[in-house]
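Using the sequences and the accompanying hints, generate a full structural model.
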Amino acid sequence: MECQCSGPVISATAAVASRAKGRARLGLEEQVAGAPAQISPRVKELVARHWLEARYAHSHRKVAWVTSGAPVELLKALDFCVIYPENHAAICGTARVAVELATEAENAGYSRDICSYARTDFGTMLSGKTPVGKLPRPDLLVACTNICQTVLFWYRVLARHYGAPLILIDTPFVYYAQASEHAIEFVQRQLEQAVPTMEQVAGRPLDERRLKEVGRLSRMASQLWMEVMERNRHRPAAISAFRPVHTNGAHCRMRGDAVTVDLYAPCSKRWTRALRVEWAL
Amino acid sequence: MRLAETSGAKGVIFYDVKFCEPELYDLPELRQGLQAAGIPSVAIEVDVSDPLAHQTLTRIEAFMEMIA
Numbered sequence: 000m001e002c003q004c005s006g007p008v009i010s011a012t013a014a015v016a017s018r019a020k021g022r023a024r025l026g027l028e029e030q031v032a033g034a035p036a037q038i039s040p041r042v043k044e045l046v047a048r049h050w051l052e053a054r055y056a057h058s059h060r061k062v063a064w065v066t067s068g069a070p071v072e073l074l075k076a077l078d079f080c081v082i083y084p085e086n087h088a089a090i091c092g093t094a095r096v097a098v099e100l101a102t103e104a105e106n107a108g109y110s111r112d113i114c115s116y117a118r119t120d121f122g123t124m125l126s127g128k129t130p131v132g133k134l135p136r137p138d139l140l141v142a143c144t145n146i147c148q149t150v151l152f153w154y155r156v157l158a159r160h161y162g163a164p165l166i167l168i169d170t171p172f173v174y175y176a177q178a179s180e181h182a183i184e185f186v187q188r189q190l191e192q193a194v195p196t197m198e199q200v201a202g203r204p205l206d207e208r209r210l211k212e213v214g215r216l217s218r219m220a221s222q223l224w225m226e227v228m229e230r231n232r233h234r235p236a237a238i239s240a241f242r243p244v245h246t247n248g249a250h251c252r253m254r255g256d257a258v259t260v261d262l263y264a265p266c267s268k269r270w271t272r273a274l275r276v277e278w279a280l
Numbered sequence: 000m001r002l003a004e005t006s007g008a009k010g011v012i013f014y015d016v017k018f019c020e021p022e023l024y025d026l027p028e029l030r031q032g033l034q035a036a037g038i039p040s041v042a043i044e045v046d047v048s049d050p051l052a053h054q055t056l057t058r059i060e061a062f063m064e065m066i067a
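Just so you know, the sequences run in chain order A and B.
All the letters of the first sequence, read from the start, carry residue numbers 0 to 280 under numbering that gives the first Met the number 0.
All the letters of the second sequence, read from the start, carry residue numbers 0 to 67 under numbering that gives the first Met the number 0.
Watch out, some of these pointers could steer you wrong.
Claimed, not checked - SDA-like, lysine to any residue: derived pairs with alpha carbons at most 25 Å apart:
{"#": "1", "chain 1": "A", "residue 1": "Lys-128", "chain 2": "B", "residue 2": "Leu-26"}
{"#": "2", "chain 1": "B", "residue 1": "Lys-17", "chain 2": "A", "residue 2": "Leu-125"}
{"#": "3", "chain 1": "B", "residue 1": "Lys-17", "chain 2": "A", "residue 2": "Ala-94"}
{"#": "4", "chain 1": "A", "residue 1": "Lys-128", "chain 2": "A", "residue 2": "Asp-169"}
{"#": "5", "chain 1": "B", "residue 1": "Lys-17", "chain 2": "A", "residue 2": "Gly-108"}
Keep in mind the hints are simulated off the structure, nothing from the lab.
Rendered as structure tokens:
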């Protein structure tokens, strides 16, 4: 309610109340860390560019469809355009077309009880409809079971439909903080066996120097991301639950690219500053 | 397909347990293959903890009558 009275005390009170109201509109991060670091628009820009590049990828690159957790570093080093059907399905969800696409899959006989990510993906596979313009056909499929076993059945359908080779990386569950020696060796052997197929599809040999560079950038991005997530050990938490979900997009699909490191470095700095200012850490 | 051909099956009943992904992902292609070979099929979905519903019995009976 507007204050109709005049006088210095009342004016000052109204000014304080108005400032408090202004502050209340800002998020916790903005209050303690100043102007936003424009991270969300940057993520949006990177993701938009990724899908635009993917649309025309076939003119000069091979395309690999992968699950989250797949060894994208090997594919990046071989210059594959990497597509994540899971991320695509999430985009379909936010673009409100997932139901329409899932219906396409259900009409083709896929049960409503199977994973909705898979049904959305099959909908695009069968109808060609997608909110990202065009999804390039896969030349190679790489599924990693670190997230769920469903991806194996899902990618087998894709492999039969597109006639593309399927590489499966089976990852044992890590019960403790560190994977056991034999678990690491088991996965390492699978990665070594996967390389010749990847090279054959890419039509070029794996360049060790390029792989090291991609690995270095990937590790840097991962470490920065872990730093960002570690901030939330603090109470009250500096980052809302939703923010990591969409900021993680770059780490998921552009791990091994320099742009991802460039994105997370200010994230980490910004959220560190937020905690230092507010809670004097 | 080989099993259907060698056994001389006139029809195939897919009796799928709900949420059983290893079976459900292959179901559409299996049914398409059978359809192409002229073998009718029916997909019946059940839950492991459910007793046999009369609706299920009716569907199986109808399918039997169709292929008989």
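Structure-based check of all given hints:
Pair hint A:Lys-128 plus B:Leu-26 holds up; C-alpha atoms about 23 Å apart against a cutoff of 25 Å. As the CA atoms of B:Lys-17 and A:Leu-125 are separated by approximately 24 Å, the hinted pair is consistent with the 25 Å bound. For a cut-off of 25 Å, the pair hint linking B:Lys-17 to A:Ala-94 is broken: about 29 Å separates their Cα positions. The suggested pairing of A:Lys-128 with A:Asp-169 is violated, with an alpha-carbon distance near 31 Å, which exceeds 25 Å.
With a C-alpha separation of about 14 Å, the suggested pairing of B:Lys-17 with A:Gly-108 holds against the 25 Å cut-off.
In terms of the numbered hints stated before, the structure departs from hints 3, 4, listed from lowest to highest.
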